[in-house]
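Asker: Here the structure of chain A is known, so what remains is to put chain B in place on it, guided by the hints.
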Amino acid sequence: MSHDYKAVQSTPFKKRFDLWLLIGIALYLVGFIAVSFSTQPAGESLHPVQVVIRATGTLAFLLLTFILCIGPLARFTDRFKPFLYNRRHLGVTTFLIALMHAALTIMWYHGFSETNPLVSVFISNPRYDSLSGFPFESLGFVALIILFLMAATSHDFWNANLGPGLWKTLHMGVYFAYAALVLHVALGAIQFNKDPIYVGLLAASAVTVIGLHLISGIAGLRSSHRDGLDGWLKVAAVADMEDARAKIIRPAKGEAIAVFRDGEKISAVSNVCRHQGGPLGEGKIVDGCITCPWHGFQYRMQDGQSPPPFTEKIATYATRIVDGVVYVNPEPNAPGTPQTPSQIGASA
Amino acid sequence: MSETAAETLVLALGIYFGIGLLVGLIYMLGGAGRIDPAAKGKGLPFRVRLLILPGVAGLWPIMLTKLFTQKEPPVS
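Protein chains in written order, with the working numbering: chain A, 1 to 348; chain B, 349 to 424.
If you're looking for bench data, these hints aren't it; they were derived computationally from the structure. Be a bit skeptical, because a hint or two may be false.
[What the hints assert, rightly or not] Covered stretches of chain A, as calculated for chain B (at least 3 residues, CB under 8 angstroms):
#1 109-119
#2 122-130
[Said to hold, decoys possible] Under the rule of at most 20 angstroms between Cα atoms (straight-line distance), these lysine to any residue pairs were calculated in the SDA-like manner:
#3 A:Lys14 - B:Leu399
#4 A:Lys6 - B:Gly389
#5 B:Lys388 - A:Arg87
#6 A:Lys6 - B:Arg395
#7 A:Lys194 - A:Leu183
#8 B:Lys388 - A:Phe310
#9 A:Lys265 - A:Lys194
#10 A:Lys6 - B:Leu377
#11 A:Lys15 - B:Ser350
#12 B:Lys414 - A:Pro164
#13 B:Lys414 - A:Lys265
#14 A:Lys6 - B:Gly379
#15 B:Lys390 - A:Val8
#16 A:Lys234 - A:Ala346
#17 B:Lys414 - A:Asn116
#18 B:Lys390 - A:Pro164
#19 A:Lys6 - B:Ile383
#20 B:Lys414 - A:Ser154
#21 B:Lys414 - A:Ala346
#22 A:Lys6 - B:Gly381
#23 B:Lys414 - A:Lys15
#24 A:Lys6 - B:Phe394
#25 A:Lys168 - B:Ile410
#26 A:Lys14 - B:Arg395
#27 A:Lys6 - B:Ile410
#28 A:Lys168 - B:Lys414
#29 B:Lys388 - A:Val8
#30 B:Lys414 - A:Lys14
#31 A:Lys14 - B:Lys390
#32 A:Lys6 - B:Lys390
#33 A:Lys15 - B:Arg395
#34 A:Lys6 - B:Pro402
#35 A:Lys6 - B:Met376
#36 A:Lys6 - B:Pro385
#37 A:Lys313 - B:Ala386
#38 A:Lys313 - B:Pro385
#39 A:Lys194 - A:Ala204
We treat Cβ as the ideally placed atom computed from N, Cα and C, and that holds for glycine.
Okay, chain A solo, but in the shape it has when bound (with noise of 0.2 angstroms):
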């Protein structure tokens, strides 16, 4: 959908998000500040660069594992849908975070010797031949790198210059970046402080995310529809449509469909959408247009064409209603191709 670019697209719920977001890290690096002076063991004394190194450090990595459970959240309860929608600040804020967390440690570790602070963090400890003793600030590095090039691409120019297979595969290096943050912890933080918090969180951390993708998967795969008739995937009956919303099948190959009523009509349209492939089956029709919940971009329901003067298509499949049910052809149409919707109460 073809516009002038805007530095943030706002709405006034994106701001209350952000507003939000901005109180919630507030509200954690105090607590954590206060808790880790109050709690210093006798004989112990922390610089503060020392516990807003830690805060942030946790701080990033937690937002960062909340981050990635986001999506298979997402399908199971609306309640995360916000978030969903709004994962793009969220992830330039979790690399602003490890930025800090990172820019602290160089000055306050490194940054005292003759040495560039940037080759201290490389040599400071040469046992890459060692597991426990692996330098586990390259895996911090690797990963803010990776979070770095995440963040300054989250822009709409760069979707649509990257183009949305690269920009996917780009952002896709998220599993990595966070892999590579276990590690950095694990191998790091936790072998020079123990407390069984620390363990807990890290460990609650990856096998919630690894558990939440693992059942989302195998729920995607359970809804992966085969039943049928004559070939054409059961979607739902007429009467648990609810209007101007959809139901999204999952065809055994191919994109997920998304199957709207609007009224007495029924149509379907590709679930993907051709901004940054938002899920329009989770979006609604607004102006008889069915519109993506992640950046409002549309399209008609009867050809899946952006209204004039934008450019964008979508494939569209055929529908039909067979005794009060829903069922859609899974062989889609070549994008913006017209197709007669369905109407309720007309024979088959």
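Answerer: Frame of chain A; chain B shown alone:
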């Protein structure tokens, strides 16, 4: 990692991002509009030009190639 290897790595990163900043400046000063009609002139406000600078600095080999080879405007 030896000190020489670490110095070489840091120098290489510095050169990489230094070139990237130069390519980023080219993008800020009109290169973006060359590959994306929606980013021409007022279509890409100054704040957005600043926002895309770090990304070009990080991915400059791809973006430099696009500057010289991309004929078709992007999809969106």
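Asker: Does B:Ser350 lie within 20 angstroms of A:Lys15 when you go C-alpha to C-alpha?
Answerer: violated, 48 angstroms
Asker: Hey, A:Lys15 versus B:Arg395, does the alpha-carbon distance stay inside 20 angstroms?
Answerer: holds, 18 angstroms
Asker: Mind checking the alpha carbons of A:Lys14 and B:Arg395 for me, to see if they're no more than 20 angstroms apart?
Answerer: It holds: about 19 angstroms lies between the C-alpha atoms, which stays within 20 angstroms.
Asker: Hint check: A:Lys6 vs B:Pro402, CA-CA at most 20 angstroms. Holds or violated?
Answerer: Distance ~17 angstroms between A:Lys6 and B:Pro402 Cα, so the pair holds.
Asker: Counting residues of the region 122-130 of chain A that have a beta-carbon nearer than 8 angstroms to any beta-carbon of chain B, does the count reach 3?
Answerer: That given contact holds, which follows from 4 residues of the region 122-130 of chain A lying within Cβ reach (below 8 angstroms) of chain B.
Asker: Hinted pair, alpha-carbon criterion (20 angstroms max): A:Lys6, B:Met376. Please report holds or violated.
Answerer: Judged against 20 angstroms, a Cα distance of about 15 angstroms means the pair holds.
Asker: Straight-line Cα separation of B:Lys390 and A:Val8 no greater than 20 angstroms?
Answerer: holds, 16 angstroms
Asker: CA of B:Lys414 to CA of A:Lys15, is that 20 angstroms or under?
Answerer: Roughly 35 angstroms separates the two Cα atoms, so the pair is violated.
Asker: Going straight from one Cα to the other, do B:Lys388 and A:Phe310 come out at no more than 20 angstroms?
Answerer: holds, 17 angstroms
Asker: Quickly compare the C-alpha distance for A:Lys6 and B:Lys390 to 20 angstroms and report which way the hint goes.
Answerer: This hinted pair holds, its Cα atoms lying about 10 angstroms apart.
Asker: A:Lys6 and B:Leu377: Cα distance at most 20 angstroms?
Answerer: holds, 17 angstroms
Asker: For the pair supplied as a hint, A:Lys234 and A:Ala346, is the alpha-carbon distance within the 20 angstroms limit?
Answerer: holds, 18 angstroms
Consistency with the previously given hints fails for numbers 5, 9, 11, 13, 17, 18, 21, 23, 27, 30 and 31, ordered from lowest to highest.
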